[in-house]
Structure formats: C-alpha cells, structure tokens
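Protein chains in written order, with our numbering: chain A, 1 to 175; chain B, 1 to 636; chain C, 1 to 111.
To be clear, the hints were calculated from the coordinates, so they are not data collected in a lab. What you were told as hints is all true, and nothing was included just to trick you.
Covered by chain C, per the in silico footprint, the following chain A stretches (three or more residues, Cβ under 8 angstroms):
1) 13-23
2) 32-41
In silico contact screen, one side only, chain A against chain C (beta carbon under 10 angstroms); selected entries:
3) His45
4) Ser98
5) Gly156
6) Val158
Ideal Cβ positions, reconstructed from N, Cα and C, are used throughout, including at glycine.
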Amino acid sequence: MSINEILFWFLSTIAISGALLVIFSKNPVHSVLWLVVVFFAISGHYVLLNAQFLAIVNMIVYAGAIMVLFLFVIMLMNMNADQEPQKGKWMKMAGVISGGSLMLILVAALRYNQSTTGGEEEAGIGLIQNLGKILFSDFVVPFEISSVLFLSAMVGAVVLGKKEKEIIESDTINN
Amino acid sequence: MSGMIKVGYLIPLLPLIGFLINGLGRNFLSKRLVGIIGSGVLVLSFVLSLFIFNEVTASGFTSQVVYLFDFIKTAGLDIPFAFQFDQLSALFLLVITGIGSLIHIYSTAYMHEESEAHYARYFAYLNLFVFFMLILVLGSSYVTMFIGWEGVGLSSYLLIGFWFTNNNYNNAAKKAFVMNRIGDLGFLLAIFWMLSQFGVITYTGVFEKATTASVSVITGITLLLFVGAMGKSAQIPLYTWLPDAMAGPTPVSALIHAATMVTAGIYMIARSNVLYSLAPISQNLVAIIGVSTALLAATIALKQNDIKKVLAYSTVSQLGLMFLALGVGAYTAGVFHVMTHAFFKALLFLGAGSVIHAMHHEQDIYKMGGLRKKLPITHFTFLIGCLAIAGIPPFAGFFSKDEILTAALEKNIIYYVLGVITSLMTAFYMFRMYFLTFHGNFRGTDDQQHHLHESPAAMTFPLVVLALLSIVGGWVGIPAVFMENAHRLSNYLSPVFAASHHKTAHQSISHSMELAIMAGVVALIAISIFAAKTMFAKEGLSEEKSSGFGKLLENKWYVDEIYDTIIVQPINHLSSFSSRIIDNKIIDGTVNGVGKILQFSARQFRLLQSGQVGSYVLIMVVSIILFFIFQLFWNI
Amino acid sequence: MPIHYYIFLSLCLFSIGIVGVLTRRNAIVIFMCIELMLNAVNLLLVAFSRMHQAAAYAIDHTSMAGAEAQLFVFFIMVVAAAEVTVGLAIIVMLYRNIHSVDINFLNRLKH
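So here's chain A without its partners, still in its complex pose (with noise of 0.2 angstroms):
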C-alpha cells in the first residue's frame, strides 16, 4: 500500500464517519461542528487529487463562511438536543431505506468503470496559475454573472431579514 493509498482509506474513514455522525447528531451545534470534520477531510481528498486551488478555496468557503453563518443562526435560536422533536419512526426507516436503495441502485449501475485516476505525473491543472488562466479566458463570463448572483443574494438576504415594520417605514421615509 502506498502512502496515497493510505492517506485515501484514512480520509475516506472520516469523511463517511463524520458523515454519519452529521445526521446522527441530537444537538445540532454537534451536527454543524462534524459537518466541519466532513469539509477537512473532502479538502485532504483533493489535496491527495492534486486540485491544490479547490482544496483552499473548500476550507476557506465551506468551512470558514458557510459553517459559520449556520452556526450563528443556530445560536441565534438557542436550539439545545432536548427542544429537537423526532419525526415517527416509520418515516426514519422509510428515510433510511429509501437512502439505502438509492446507493445501491447507483453503485450497481456503475460497477463497470475500470479507468484510474493516473499516477503522480500531469500537468498541474489543479495548479492556481493553470486554473486562472482558463477561468478567465474561456469562462470570464460565467465569472462575471456569478458576481451578479451574489449581488442579488445579498439584497434578497437583507430584505428577508428585515421586520415587516422596518420596510413599511422605510418605503414612507424613502416617499
């Protein structure tokens, strides 16, 4: 077994076990912070997959931002393991079940690839230089839109976050 070997099944180990413990969880703080774990060990997988720009970018986006907010809100609701209600048990098992087969009727359908990820030569695609070049080259203007998008979150989220009281009053000021 080579070291990439080990490092993969080592990852793989918390990724899926972080995973399990994500939905597994009673209080959801738990819940936020193994989601965390989960988000560690998918940038160790691109490291290993030498996507060296996505693996700091996942770390810095996911785990430093999107991680955070929910952890905000979360506190924001003072939610605590005793105050979560459970849904029945039939719809658990039903949950359970239908995540289950779903797995399995993928896994079965792709049983057949047999092509590698490669070895260690390559020509460093997920080197940040390579990768800024194409992304502002052939796909500049997906680029640009994406800041539209986030402009129009952040306006979507302000006004979601205002009392009903604050819009009215600001629409009679602004009139």
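We have chain A already, so just place chains B and C on it with the hints.
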C-alpha cells in the same frame, strides 16, 4: 323485349307518384283533385296491365325479366332489382290494379266525411300500398318480393290505424304489424339460407339450383318461407290480427285484407311451386294448416255479430282453403281461388261498407234488418257475393272452390271432408249475415231508419262491376268434367307450374264420380242456405245470449286470451324486469359506480398532499430510485 | 486510485445526505445535509477531472483536459454560498413567525 313490357316499370311507378303528390300536397289539394289523382293513377296502371296481359297471352311468350338497377352488388353478392313479367305476375297485376282502382273510386265517396288533409293522407297511403304490392308481385327475386312484402306490411299498419286518435285502433295496427313481423323473420331466414346455399336469390337462379340440393335443405327453406306466408296471409297461429284489422276503414279492409295483401302468401308459395314440389313434408304441412285454419275460422264466423268481423273470419277461412289447394299441389286451383275470392270478397266488403255508410257507422247486424227495400243495388250485389262465396253454380266461387275440393279429394279424403264441412259452414254464416241484414224488420233506431238511403254512384258503380265479375269470373276455369280443354286459366298458367306438375302424386277420379260429388256438395250447400233462411229471415228477431259452445265460438275460442297469457304477459314481465333491475340498478349502477370509484380514489389520493414537506421529499427520492431502475436495468 | 473508489465514496456521502434530509425535522440540519450532498458531488467532479487529465496526459503532455471540471466545482461553491445566504434568511424569517424550525409546521402547503 316487347313494347309494353319495356315500360312495365311504370305500373308501380304511377301509384308511387300518386302517393308523393297526395302525401306532400295534402294541405293544399282539394278533395276532388286528390280523389282524381289517387284513382287516376290506378286506372292508368290497370290499362298498362291490360296491355301487358295482352302481350303475355300472345303465343310463344316466355317470361321476361326487366332489369332496373343493382340493389346490392359486392364481391360475393349480386342482387339485382328487376321485374319479372310472366303469366302469374301479369294475372296478379290485373287483379291488383283492377280491383284497386274500383276501391279507390269507391273510397272517394266513402271517405268524404274526412277533412281534406286526412282525405289526402288516406289516398296517399292507399297508393303507397298498391305500389308496394305491385313490387311484390313483379319482383324477379325473393329480395325484391321481400321489399314489397315489408312495404305492404307498413301500409297495412298505417291504414289500419288510420283513425289514429282511437287507441284501440292503434293497438290493432300494432298487433297486425308485430304478427307480420314474426312471419317476416321466417321469410328473411329463408332468404339468408337460400343465399348461403345457392348463392343467388332470383327465381330462375334458385329454381335451377334447387333441383340439385338436398331434400332436407329444401324442406327447411320452404318451411321458413311458409312461416312468412302464415304471418302475411293470416293462418294458424298468426291469424288473430286480421279480425282486429277491421278497425280500419272498410275500403281498406276490402283492398288489403281481402283481395290483395293477404294473398301475398299464396303468391309466394305459388311462385315457389318448384321448391314445394321438392319438399313433400312442407307441402303436407301447408295443406294441414290451411284446412285447419279454414275450419277454425269458419266456426268462429258462425257466431260473430259485427258485419265486418264475419267477413274477416270468412277471409281467413277462404285463405285456408287456398293454402289447402297449394298444399295438395293444385297450384292453379289456388291462384284461381285467389282471383275469384278477390272479386266476391271485395264485393262483400264494399257492400258492407255501403250498409255501414247508410246506417251511420253501425256495424252490428242485430241492429240492422229489412234493408233490402231501402238499399236495392247494395242488396242485389251483396246477394250475388254471398251466392258466389257459398259456391253455387254458375257463380265464380263454385268453380274455384270445387277445383280445390276435387284436388283435395285426390290427395286425401280427410282434406276433402273437412273442406266440405268448411264450405257448408261458409254458406250458413254468410247467409245468416245476409238474412239478418237485409231481411226481416228493421231493428235499429228510428233516427237511423229515417236516414237510410242508397249510396252514391261512386260507391254503387264498383259494386256492380264486381258483381258482374263474380258472376262471370269463374268461367275462365271450367273444369274438364263439363267441357274438355275449357280450363283457360290452367292453360294460361301452365308454363309457370309446369315444373311441378308431375311431382305431386294423386289418384284421379273418374268424371262421373266427380260430377256426382259436385252435385252432392251443391245440394248440401243449398240445404244449409235454406236452414239459415229459416233461422234468420224472420220478423221479430233479437240478439240471443250465447251459452256453452256458442259462447266459446263467439269469443273466438279464446285464442287471443291464450296468446296474451302465454306470450304477451311474460314479455311484459321481462320488459319491466329489464327496465327496473337491469337498466336502473345494474347499468345505471355501473355507470354511477365508476363515478363513485373515481371520487373515492381521488379522496384517497388527496391524502398524499399532506402538506408535510418531508413526505414530499421522500416521494421524490423514491421516484428517483424508480426512474433509475427503469433507466438502467429494464431497457424501457 | 481507481476511479470507482471515488465514485463509491461520493455515492456514500450523497446517500447519507439524502438519508439526513429524509430523517431529520430540523430545517437547519436538513440544510446542512444538502451542503453535504453538494460536497459529495464536488468530490466526484474533481476525481473525474483528474481521470481525464491522466488519460490526456498519456497522449499529450501539455493538454489541460480536465480543468473545466475543477472550474465547475468552483462555481458550485459560489452558488452554494449564495444559496446558503438566502436560505438562512428564510429560516430566520420562519423562526420569527412560528418560533420553531420544525418543518412539520410547514403543512400550510395543504391549503
């Protein structure tokens, strides 16, 4: 093709035109015009028939078929609509158009009380009837005959129920139509069988192929044809419609139910003589049913008090005699009797109509009496009709009836004895009716007595003509006992019946024996007339209450009641059962049930929309799984 | 590593995410499981990108064959971020109205 026969299609076409004009113009035309058109087309047709008859009697004439158009023409089936002019159809043409025109002329006076629209309707229907009857006798195939057959049934229904505001008359019309229909079913089955067996349906085609077919097939076909004849010509068991059909106007009874429509069955069997000669079983059945009907109807007529009902049962009885003739193979005799019967029965009916007209629609003979002084022409012609039907020489009925009885004797003595008994009863009840109506003292109301008067010329003229025909009509068929080779009718019709002459087995009787028997029968008939005279030509008669056997006869052997219990009531029960249970509960229930099932399942489906987001997602995931399964593994 | 290892791993994570969506009633935890699913897809995309690169490298040492997949992953992250923003805003509004984030209270869709 000789001249007149080429335009022979005009003969039925003219009455059709009369029907259209009178029918469509019934709100505009005056009564005079309607009468002229209605009778005029018939007279024209009669003239044309005379020309055709002339050509047919020319020497060396063979039957000719005039093709008009294709009725059905498909790959395996070719049925042409064509007319066949031969001796038999020419004779029937004369009878139908001749007597038809006389009756039309009579009707112009008889129906004058009707309003204009109804008057025109009457003549339209009457013309329509003649049109169909002519199609029936002129047709060259069984299908064409059937077209006419159905048509006359329809016209009969329309005319019986002419005064449609009376429900009883409507019921009588319906009864006639339904019983006819039962017969028509037999006829249709026979046609189908012939088509499937022989492939052709024209007379010439069928008769050719029939000689090579098996006897059982021919027997089946002829039996089915006879079922049709039973319905149309009122034989047992389908005869009860004819007395009820007297609900129609009297000229209608004269034309349809005496002279023409009811003879359609005779015509059919006479036409199919080849087939019947090949199937002795059917022939015997025809004879048996004929003679039984004759006897039964005669017994019922003995005790009827309605003048028209007596004549109706007399018609049924005479038709039975005609079928007896056909059944023993004496086809000429049967057709001869059709002809003479048309003369004197039409005469009797028209005479009865004249009496009814004078008595202001009174029909009970026990309310009449002594009319001979007030209605001289009617009385005299009526007497001639009675003499003719009783079979007194030298009137027409004697010759034809005697020929039938002689043929019956040659076949089987029982037929002969029963036929003689029927003739005796015929004489008795006819003269009972005559004496009660015209002799004795008047038994009606004073009001009626004051209004008694002879009928107008339009009514008496046909009576006189028919009386003349009843006298001389029999002289075309003088049998061999009197004069050798003087049976002009037999010679005339021999080409039609040639094929079946040799097949009917009979034993000949010597001429002297025949003369002796003839004389004996005439003597018996004279005795029965005298007996009727003693019983009924008296003063001071009144209707007696019948009892016992008389009651049975008066109530027509309760046959109608038997039919009602056996057939009509069960069908009514079945209908109400079908309506209440099958229609309302089962079929409606099923249709409503479908609706209810839909509503129920919709309600169940609605539960899916629980509003629970979680269940929505679950369903989504399950669907995705199913899609994947189908996509990846089942090659759908 | 053979590609099907990465496929299986990604599938596992994905189905765990689905099970989480179906099983949990807390709206925020459901949201987190959606993020988990997105990440599984991201992982798979990167693995495929590496697979294509390896195949192309064997032929031509300068090709940039698998780069599009990694850029796509980048955009997925972009969109995920925007989505989280808006989604959490909605959840906060929901909490303000009914003081709970239990999705069973959302059955007003029934009407």
